[in-house]
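Take these sequences, add in the hints, and give me the full structure.
Line order of the protein sequences matches chains A and B.
Following this note's numbering, the numbering of the first sequence begins with 105 at its first residue and continues without gaps.
Following this note's numbering, the numbering of the second sequence begins with 855 at its first residue and continues without gaps.
Read the hints as simulated data drawn from the structure, not as lab findings.
For glycine and all other residues, C-beta sits at the position ideal for the given N, C-alpha and C.
No false leads were mixed into what you were given.
Restricting the straight-line Cα-Cα distance to at most 20 Å, the calculated cross-link-like pairs of lysine to aspartate or glutamate (EDC-like) are:
(1) A:LYS140 - B:ASP951
(2) A:LYS155 - B:ASP951
(3) A:LYS140 - B:GLU950
(4) A:LYS203 - B:ASP951
(5) A:LYS203 - B:GLU908
(6) A:LYS174 - B:ASP954
(7) A:LYS155 - B:ASP954
(8) A:LYS140 - B:ASP954
(9) B:LYS861 - A:ASP142
(10) A:LYS203 - B:GLU912
(11) A:LYS140 - A:ASP122
(12) A:LYS155 - B:GLU950
(13) B:LYS919 - B:ASP865
(14) A:LYS203 - A:ASP175
(15) B:LYS861 - A:GLU145
(16) A:LYS203 - B:GLU950
(17) A:LYS203 - B:ASP954
Reference listing, derived: stretches of chain B covered by chain A, where coverage requires no fewer than 3 residues with Cβ under 8 Å from a Cβ of chain A:
(18) 892–902
(19) 954–961
What follows is each chain in one-letter form.
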Amino acid sequence: GQQLNQSPQSMFIQEGEDVSMNCTSSSIFNTWLWYKQDPGEGPVLLIALYKAGELTSNGRLTAQFGITRKDSFLNISASIPSDVGIYFCAGQLAGYGNKLVFGAGTILRVKS
Amino acid sequence: SAVISQKPSRDICQRGTSLTIQCQVDSQVTMMFWYRQQPGQSLTLIATANQGSEATYESGFVIDKFPISRPNLTFSTLTVSNMSPEDSSIYLCSVEDRTDTQYFGPGTRLTVL
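Right, dumping it as C-alpha cells:
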C-alpha cells in the first residue's frame, strides 16, 4: 500500500532549540497535513498545505509542501515544554480522493 | 473548524461482545471517516461513512466486523463486533471541510479483556 516515510522516529531536544521533521514518499500527494497528538487525545491539525511549493507558518511552526509533491517538512522554532507530543504527517494521494495516508509519527520530548 | 464529539470516551469490554461508538458533529459535513490507532501506532483508515448508503471499507476491514451507520450529515456510528483483545485500540472519527482538510474527534479508547 501507499506509505509515508516520516523521520525522525523520536527526538529529545533542549528547550529553546529548533526542531525539524519530514515526510517523504514515492507517491504524489494533493494535500499535506501536519497533526499533533497529545496522550489520550485525538490528533489536532497544525498546518494544512494545498499547493506544491507552498510554505505556511502557524506561530512557531512552519511547514512546506515539496515541489515534487512527494515530500513535506515541519519546523518548530524555539521549542517549549508544551511542544511535547507525537507529530504526524498525512497526505491525500493523487487519484485516491479524500483518503488520508499517515506517517508513523515523530515523538518529540523536550528537556526543560 | 467543526466541533466533533465521540461517545464513549473510553470503555473496557469483554471478549465476544460488541461496542457501538458514536460520532457527532456540530455542523453538516459531507465526508466522515473512521480510523483505528493501535497502541503505539499511527492511524489507519477503516472506512468512509457515506450518508444514505453503505460505508466504503479499506482493505483488511469488513462490514461484518465494523458495521457503520450514517443516518444524516452530522452523525455516524461505528460498531466493533465480536471483540477480541486485538481490537484494543483508539477509534477516531474525522470529518472533512470544504477545503478537503480533515479534523479529528477526541477518540474512543477501547480495551478488550
